[in-house]
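Undergrad: As a plain string of letters, each chain reads:
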Amino acid sequence: MSEATLQFIDAGKTYGGKVVLDDVSLTIEQSSVVALVGHNGAGKTTMMKLLLGLIRPSRGQVKVLGADPAGPDGVESRRHLGFLPETISFQGAMTGLDAMNFYARLKRVDLKQNMELLDRVGLADAARMRIKTYSKGMRQRLGLAQAMLGEPKVLLLDEPTTGLDPQLRRRFYDTLSKLKNDGATILLSSHALSELETRIEKVAIMKNGRLIANGSLHDLRNKANIPVRMRLLTRDGSADEIANQLAGVDINLVNGRTVEFSCAAKDKMMILRRVSEIGVAVEDVEIQLPSLDQLYSHYRDEGTVS
Amino acid sequence: MNAVATIAVQEIRDGLRNRWIIALTLILAGFALSLTFLGSAPGGNVGASPLLVTVVSLSSLSIFLLPLIGLMLSYDSIIGEIERGTMLLFLSYPVTRSHVMAGKFLGHMTILAFATIVGYGVAGAAAFVRGDVVEGNAITAFFNMTASSILLGGAFLGLGYLISASVRERGTAAGIAIGVWLVFVLIYDMALLAVLVHFSGSIAQGLFQVLLLVNPADAYRLFNLGGFDNVQALSGSIGMMADVKLPVWAMIGVLLAWVVMPLGVAGYLFNRKDI
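Which chain is which? The protein sequence lines are X and Z, in order. For the first sequence, our numbering assigns the number 1 to the initial residue and increments by one for each residue that follows. For the second sequence, our numbering assigns the number 1 to the initial residue and increments by one for each residue that follows.
Hints are not guaranteed to be accurate.
[Said to hold, decoys possible] Below, simulated DSS-like cross-link-like pairs (lysine-lysine); rule was C-alpha separation at most 25 Å, straight line:
(1) X:Lys153 / X:Lys112
(2) X:Lys132 / X:Lys112
(3) Z:Lys273 / X:Lys18
(4) X:Lys202 / X:Lys63
(5) X:Lys132 / Z:Lys273
(6) X:Lys266 / X:Lys202
[Unchecked claim] Across the chosen pairs, the derived CB separations fall in these ranges:
(7) Z:Glu83 / X:Asn255: 27 to 35 Å
(8) Z:Lys273 / X:Asp165: 48 to 56 Å
(9) X:Gly17 / Z:Tyr268: 37 to 45 Å
(10) X:Arg130 / Z:Leu269: 31 to 39 Å
(11) X:Gly16 / Z:Gln205: 44 to 52 Å
(12) X:His39 / Z:Ser98: 35 to 43 Å
(13) X:Gly16 / Z:Leu186: 37 to 45 Å
(14) Z:Leu269 / X:Gln61: 37 to 45 Å
(15) X:Gly17 / Z:Glu83: 22 to 30 Å
(16) X:Arg170 / Z:Val265: 46 to 54 Å
[Stated by the list, open to error] Some residues of chain X that are not near chain Z, with every Cβ distance over 10 Å (derived):
(17) Ser25
(18) Val75
(19) Ala93
(20) Leu106
(21) Lys107
(22) Ile271
(23) Ser276
(24) Arg300
Derived from the structure by calculation, the hints contain no laboratory data. Just so it is clear, CB atoms sit at the ideal spot from N, CA and C, and this is done for glycine as well.
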């Protein structure tokens, strides 16, 4: 199950002398969820458009399901592809169901699943209302529903969760996991890094058209070597004593019942063992791993390929 | 159903939903009916065929109206979708850009043909019901007029697509569309007339014919007003064309070429456009 579904091979794109994508090599395997992270203009949308075959690379190659998306086989391979653009709009005079039926016909899939898809994004009641009466969030959800038409093998989602309330957001990520487990490959770009953290395995970080980091969250944390923060909750009055016992550890704060310190990721387990040896005086331990936000800032500021 | 048909049907549904089809049909029927009844009042005295009078009046009207309708339907159809962002989603589906354009054109052509056939057909039926004496060649002239009106509209649909595929903003497309209409429908003829008056006699008949054929509106006029002797007799004001005798296939060919060529160039430009 490690077939390459989406591939950038030294792919570059130049618009009128300006390099918007600088020789990116990235392989995304089948049945995985990858988050594309980067500031505006980092090249995320250009990568999506290359995968859709809307533009051709100026250099290198792009492959989707083994075919050139801008070539003659690209049209057919788009039957297995779902896309949610960053700003979604529909012709307002249609109803939600009209729109789904139209897109299902274009994709040549059965219209019967349309109501179920609308239900999945919480639009079953609004299915027969005109889209112009929809709120922004409802349009976004309709966009998600059309992207999921025909059980796509590849999902390209540009900012998918804007306009979703927490409950729908959870349902959306549940749906993604299900699609992934069924073998779909999902590439999503997002600014909402904190909510991605528990939901994705892999991150590709873009900066100024270059891929500056790529890998699992775990690997990226280790490579970045951002200190892990720990906070001990101690028995009343023993904070100072415990701080003394942790000789060699870089203590940040000792304050009545709490001891706070940070350590390198690789030393985390060693220090935890020492903490547990202290015994009952330590009542609780909080560990704060570097968040995706921090990782992103780290790689963005470092700006080198790792 | 294949992609082109799906897109065409979608375009027709849009036309129904936003009331374009009903509005166009009513406008054309309204004009046609009033021309049939008001326009035939003088004809009765000189004994001219009322249906032929209607053909002459309706084709004079069509020259202004159908290019306008064609351009209005199409000038926005590509650049508008690009600007609204619906084109990006559209092209993420298993369709080529040629499918998109062919589908839209077929849809618009159907709308235009429906409105023209129903609108003018109502007027023709009204003349028949009223009990006009209808000669065979008047019926032929009426059919030819309706069919060539649709072609004329189609030529300007194609020009509209060409405009829509070549501009970067919707506003520009609207401006150019108005310009194109003015040039082909009004200014070209005036300029030609001015040239004719200035070089009176010295301009070659052949060149004059070519100049008339180059403009789809003039090709349409020649076809409908010059093609039939009876009609020609009624359309006195365009007597200058009486001398221009061109084969029917040339005039139909010019109109068809004006449908196909702009559409082809539009397709080429659209395929190269960055979305």
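Undergrad: When the structure is checked against the list of hints, which entries are broken? Sort them ascending.
TA: 5, 7, 8, 9, 14, 18, 19, 20 and 21
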